[in-house]
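Chemist: Okay, here's what each chain looks like letter by letter:
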Amino acid sequence: MLARVATFTIDGVDPRQVWVEVDIRPGLPAFTIVGLGDAAVRESRERIRSAVLNSGFEFPARRITANLAPAFLRKVGPGFDAALALGVLAASGQVAPESLATFAVFGELSLGGELRDSPGALAVAEGAHRAGFAHLIVPRERAREAALVEGIAIAGASSLRDAAEVLAGRTPAAPPAEARRASARQEPDLADVRGHAAPLLALQIAAAGGHNLLLEGAPGTGKTMLARRLPSILPALTRAEAIEVTRIHSVAGIQSDGLVHARPFRAPHHSISPAGLVGGGAPPRPGEATLANHGVLFLDELSEFQRSSLDALRQPLEDGCVTIVRGQRALVFPTRFMLVAATNPCPCGYAGVGDRCGCGEADLRRHRRRLSGPLLDRMDLLVDVARPAGRELRAGPAVDSARVCARVAVARERQQARLAGTQARCNGEMDGKLVSRHVRLEAAAEAAVARAYDAGALSARGRHRVLRVARTIADLEQSDRVSVDHVLTALSLRQRDQASAALAA
Amino acid sequence: MIGDRACERCLARPWLLERLRGHLDLERGRLGAALELPDRELIAAVAGAERGSVSRELDRFDAAGARERCERAKVEPVCRCDPGYPVRLADLAAPPAVIHVAGGLDRFLDLAAGDPVAIVGARRASSYGLEVARSLGRGLGAAGAVVLSGMALGIDSAAHAGALAAQAPTLAVLPAGADHAYPASRRALHGRIQAAGAAISELPPGAEVRRWMFPARNRVIAALALMTVVVEASERSGALITAGLAQGLGRGLGAVPGRVTSPLAAGPNSLLAAGAALVRGAQDVLDRLYGVGVRDGSAAEHRAELSPDLRRVLDQIAGGRDTAAALERAGHRPEEMLAAVASLELHGYIRREIGGRFVPLP
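Chains as they are written, first to last, in this note's numbering: chain A, 1 to 505; chain B, 1 to 362.
Worth flagging that the hints you see were computed from the coordinates, not collected in a lab.
Take these hints with a grain of salt, some might be off.
Chain A side only, calculated, beta carbon under 7 Å to chain B, not exhaustive [what the hints assert, rightly or not]:
| no. | residue |
| --- | --- |
| 1 | P70 |
| 2 | R74 |
| 3 | A386 |
| 4 | A450 |
| 5 | L488 |
Just so we're clear, the structure is a prediction, and the values are computed from it rather than from any experiment.
Glycine is no exception: its CB is placed at the ideal position from the N, C-alpha and C atoms.
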């Protein structure tokens, strides 16, 4: 007898439907799985036999052939176990085959017949909903996450026996618990910061305009501490964004429970490979850039990263997605993140701290060269982080995240209204054309920019960066026109590229 | 014709120095004595086992070949027998037998006669030092003085660059061959110096650099300059060798004071303590050379008048509140403070350095 069960596999971060066909015929007892499965799929025969027997069912002592279709898609991982086991049960008449028609099944089995936690349930639920299934059985731990998809009934099963009961209609599918409400945000708060007035302002501008930010300062001055607080002042995730983040994190196996409310903050170590940063491998897995989607990617010790890793970030930064081609297939991973990088100002790290720095001009130039030029090109803001004075450490907090977040939200709204109908969503994404259309300078501001440009303090690209930042500063002050003060503040937060070029005489 | 201002006997000397280049890395103090020795005695003193062969090669020295080599490298030699040979070099116990000039022999002789001022200092200079060196170079150049230095990284290059920025000629004394830049990263500067002034060397074109060539070069700088100014130098810097030689030759010596906590200020500060002239800017040098107020060094471009607010910020920066954090502590709102420093930077009053320090420009 033949049975058919629908399940899903994760391809990159997207669900792909897979049909599990199980056929049982008289013959010598055997269990064969065909259909381009990897080692985990082949091993699932043993898990399924034990799970079926330990759940109180009978494992048919006949010739069993299972096929995973479509046959061209490489199937990876243990997520097919539940579908295969239910297929065996249906083909041997232990559950009603017709009950499977409206169900999709997803999950790994243990030898005892329990359905194990498997990553990617949210993506699977989206796929099942899109494919028109009315019901989806997932491991109980993942039910709440899968239930974020509306329009499909999710049944959380803790064992194969549970799943069979659900199919038989005997146990009504337990409605998964209501997703927890967005509770108070638990990210680190700006209220913990003492001193650091200029870096705080830069963080605020970065958050308001979606500008990439470079923090420069001696070791131990608080660069990482500041960067970690950036997510707390970014606008809250919209539901669509939250679901996308949850899906990606679920696929990567780092999601805890239910919907992700906090913006991701990813801080990969500087030894990371290009594939680790932007995604890749076989099968292709999302990289840190994708895990940071809608959040912050923080690169600490920027000069220590491999050049190839940093250069690999160019396209994702530019396009908001990364395309990975493997054989015949191209996978697209979303990579809309804010980049925050931290670096020492010089090889010894103490430039600007009294006379502690012993680096010569050549050392500085070498240090600069280690930073990827194309990457620096995407950094709108540079701010120097200095050690706060003792008096400042004892003073109270200057701001807190909630207040800043409200200001940022207002500034973002203004940008969205202005940029409606363009491909940019915030000032940081404006290209040269949008900059010249939307950044209106007062006469004095125009003169200041022209002066900086003529003095060689700005390159053509640097000029665009300054104008974008000035526009954001004006948005934070709810001003339609960009004044000279806005431009000057933006100028003092620009990169030093030209100055160091001048140093080389 | 190239080479007709260097006689055959003198041309043999740079050839010999190059031939013996591997033998001349002597301990401190012995190099000067060795360079004073006549050719044969020098061979006997340092050549060791090669004594015989070097001596025989010297017998067969090919002056025409040496001239041709200069011609190919577009370097003009002038020897100490030539009446135009810089007189001040003759003060040395061991004046270079030949000076090889890249960039025009006549121009070099004119410039050498025109009271050059040497600006020397550390390779690993601070941004303050570089700024002062550049401004000295610019000010002296604009006032018509010839800036002389060694084209090394750091202070030397900054001084040359400053003079060139004032469209003034400048002289570089190179340790190895005058035809190629040492250090190689200063190729562009080398080209600009040749175009506007001259690069010279005691050694023939193409000579490879050796350690002993640096103190040997320093003695040429010290002798050629009317006054030597040390900008930044640690205790063991080559710039202090130049300073010592200059003093020994009775030339003027000046030093730019530095922060007492900085190791780079140790050299100039101790020179000042020992009686060197205090140099705060080009005017101090000019006053020293030509008498107070005779030549005007206020060549700095006219800058816009500052508003009282900006003036206060500038004073605070000059007074040591020279980072954004320090200015914030002085009570400025971050937005205002950032706008103020950007404004000062735009108008050329300060420069923002790596590490976030603001350096007031002279």
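Chemist: Each of the hints needs a verdict: does it hold here or not?
Modeler: These are the hints, each one checked on the structure:
The beta carbon of P70/A is not positioned within 7 Å of any beta carbon in chain B (closest approach about 58 Å), and the interface hint is therefore violated. Annotation: interface hint on R74/A violated; nearest CB of chain B at approximately 50 Å, more than 7 Å. The interface hint given for A386/A is met, as the beta carbon of that residue sits about 4 Å from the closest beta carbon of chain B, less than 7 Å. Because the smallest distance between the Cβ of A450/A and any Cβ of chain B comes to about 10 Å, over 7 Å, the interface hint for this residue is violated.
Among the interface hints, the one on L488/A holds; its C-beta lies about 4 Å from the nearest C-beta in chain B, closer than the 7 Å criterion.
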